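S.K.: Listed below are the residues making up each chain.
Number of protein chains: 2
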Amino acid sequence: MRIAELSHRTGIPVPTIKYYLREGLLPPGELTSRNQASYDEPHVRRLQLIRALLEIGRLPIASIKAVLAEVDAPTPNLHHALGRALQADLIQPEPEENGEEVDALIALRGWQVGHDTPARRKVADIIAAFRRLGWHDMVDNLDSYADIADRTAELDLGLLRTHADPEEIVYGAVVGTILGDALLVALRRLAQESASMKLYGLNQPAG
Amino acid sequence: MRIAELSHRTGIPVPTIKYYLREGLLPPGELTSRNQASYDEPHVRRLQLIRALLEIGRLPIASIKAVLAEVDAPTPNLHHALGRALQADLIQPEPEENGEEVDALIALRGWQVGHDTPARRKVADIIAAFRRLGWHDMVDNLDSYADIADRTAELDLGLLRTHADPEEIVYGAVVGTILGDALLVALRRLAQESASMKLYGLNQPAG
Numbered sequence: 001m002r003i004a005e006l007s008h009r010t011g012i013p014v015p016t017i018k019y020y021l022r023e024g025l026l027p028p029g030e031l032t033s034r035n036q037a038s039y040d041e042p043h044v045r046r047l048q049l050i051r052a053l054l055e056i057g058r059l060p061i062a063s064i065k066a067v068l069a070e071v072d073a074p075t076p077n078l079h080h081a082l083g084r085a086l087q088a089d090l091i092q093p094e095p096e097e098n099g100e101e102v103d104a105l106i107a108l109r110g111w112q113v114g115h116d117t118p119a120r121r122k123v124a125d126i127i128a129a130f131r132r133l134g135w136h137d138m139v140d141n142l143d144s145y146a147d148i149a150d151r152t153a154e155l156d157l158g159l160l161r162t163h164a165d166p167e168e169i170v171y172g173a174v175v176g177t178i179l180g181d182a183l184l185v186a187l188r189r190l191a192q193e194s195a196s197m198k199l200y201g202l203n204q205p206a207g
Numbered sequence: 001m002r003i004a005e006l007s008h009r010t011g012i013p014v015p016t017i018k019y020y021l022r023e024g025l026l027p028p029g030e031l032t033s034r035n036q037a038s039y040d041e042p043h044v045r046r047l048q049l050i051r052a053l054l055e056i057g058r059l060p061i062a063s064i065k066a067v068l069a070e071v072d073a074p075t076p077n078l079h080h081a082l083g084r085a086l087q088a089d090l091i092q093p094e095p096e097e098n099g100e101e102v103d104a105l106i107a108l109r110g111w112q113v114g115h116d117t118p119a120r121r122k123v124a125d126i127i128a129a130f131r132r133l134g135w136h137d138m139v140d141n142l143d144s145y146a147d148i149a150d151r152t153a154e155l156d157l158g159l160l161r162t163h164a165d166p167e168e169i170v171y172g173a174v175v176g177t178i179l180g181d182a183l184l185v186a187l188r189r190l191a192q193e194s195a196s197m198k199l200y201g202l203n204q205p206a207g
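Protein chains in written order, with the working numbering: chain A, 1 to 207; chain B, 1 to 207.
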C-alpha cells in the first residue's frame with residue numbers, strides 16, 4: 001500500500017510516518033519508483049506498536065527506539081533478550097543514588113538481578129526523590145511494595161511462558177511490560193478511588 | 001533568598017525557574033524591589049515536587065499543573081479531593097473505547113467509582129491498545145491484575161490513613177501515587193528480571 005493508505009489504516013498523519021521513517025523507528029517500504037514506496041502489514045503493526053508505546057506508555061522517542069531495537073534483535077539467549085527488552089525504556093544517564101537501600105531490598109527479596117540493571121538505579125533515584133520530598137511512607141514500606149511487584153512479575157512471566165516462540169515472548173514482554181505498566185497504574189487508580197470512597201466517602205467532616 | 005540561590009539549592013537553572021513562574025507552577029516570590037523577588041522554603045519544596053513529577057513521574061507540564069492545583073486546593077471533602085488528586089494526571093481528551101469490559105471488571109470487583117472517572121477511560125484505552133496489537137494475555141487476565149491493584153490500593157490508603165491533616169493526606173496521595181507508580185514499575189522490572197533468570201537463565205538453548 002502507499003503511504004497515504006498506511007496513514008488511513010493507522011490514523012497516523014503522513015508527516016508523522018515520514019518522521020518515524022527518518023528516525024529509523026519504521027523500516028523503509030519497498031521502493032516502487034524513484035520517489036514512491038510500498039508498505040505492508042508489518043508496517044501497520046509496527047506503527048500501532050509505536051503509537052501504543054508513545055500514547056499509552058508515554059515513552060520518549062529515544063526509549064521507543066531502544067525498545068524496538070530489542071523487539072527486532074535476534075534472541076540467542078532468551079533471558080538476556082528478555083532482560084534487555086524489559087528495561088530498554090529505563091536506560092538513563094543519571095548518577096546513582098542511595099544504592100545501599102536497593103541492595104538491601106534485593107538481598108531481602110532474594111532477587112537474582114545484575115548489579116548494573118537499569119531498574120536498580122531507577123529504584124535508587126525514586127527513593128532519593130521520596131526522601132527529598134519528605135514523604136517517607138512508601139520507602140519505609142518498600143518490602144510490601146516489592147511483595148506486590150513479585151506477585152505481578154509471577155503473573156507476567158506465567159503468561160509469557162504459555163508462548164513457545166522466543167520472538168513472540170520478547171514481543172509480548174515489551175507490550176505486556178510497557179502497556180502493562182499503564183494498565184497497572186490505571187487499575188491502581190480505580191482501586192484507590194474505591195478504597196478512598198470506603199474510607200472517606202461517608203460522614204467526612206468539612207476540613 | 002534570591003532566584004540565584006533558589007537555583008543553587010534545587011539544582012534547577014534560573015531560566016527554568018522563570019518558566020515555571022510564567023506557567024504558574026511556582027507561586028511568585030515576594031517583591032523586594034521593582035525587578036527583584038525573594039523566595040523561601042515553600043518555593044524550594046515546590047520546585048523539588050515539580051522536578052520529581054517531571055523526571056520520576058514523566059508527567060507533561062499540563063498534568064503537573066493539574067496535579068499542583070489539587071495539592072493547593074482547599075479540601076472540604078477529603079474523598080472528593082483525593083479522587084481528583086489521584087487522577088489529576090490522567091485527564092485526557094481521547095474518545096472512549098471498550099467501556100463494557102471495564103464496566104464488567106468494576107462490577108466484578110465491587111469497585112465504587114464514578115462513571116466518568118478518568119482511570120475508567122484510561123483502562124478502556126489500554127484494553128483497546130492491547131487488542132489492536134494482538135496481545136490478549138493481560139486483557140484475558142484483567143481480574144488477576146485488578147486483584148494486584150486492590151492489594152496496592154489497600155497498602156496505599158493504609159499508609160495515608162496514618163496521617164491526620166487533610167492537606168498532608170492530599171500531598172501524600174499525589175507524591176505516593178505519581179512517584180509510587182514509578183516505584184511499582186521499577187520494582188516490577190527487578191522482580192521480572194529475577195523471575196526470568198529463574199525461568200530462562202539456565203540451560204536456555206540458543207534460539
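These aren't lab readings, by the way, just hints derived from the structure by calculation.
Among the hints, a few may not be true.
The list makes no distinction among identical chains, and a pair is therefore deemed to hold if it is satisfied within one copy or across any two copies.
To be verified - Straight-line Cα separation of at most 16 Å, EDC-like style, residue types lysine to aspartate or glutamate; simulated pairs: (1) 65 x 150; (2) 65 x 55; (3) 198 x 150; (4) 65 x 23; (5) 198 x 140; (6) 65 x 147.
Owing to the predicted nature of the structure, the values given are computational and were not obtained by experimental measurement.
S.K.: Now look at each hint and say whether the structure bears it out.
M.R.: Against the structure, the hints:
no.: 1; hint: 65 x 150; in the structure: neither (28 Å within a copy, 33 Å between copies)
no.: 2; hint: 65 x 55; in the structure: within (15 Å within a copy, 19 Å between copies)
no.: 3; hint: 198 x 150; in the structure: between (27 Å within a copy, 13 Å between copies)
no.: 4; hint: 65 x 23; in the structure: within (8 Å within a copy, 31 Å between copies)
no.: 5; hint: 198 x 140; in the structure: neither (25 Å within a copy, 28 Å between copies)
no.: 6; hint: 65 x 147; in the structure: neither (31 Å within a copy, 33 Å between copies)
The structure shown violates the earlier hints numbered 1, 5 and 6.
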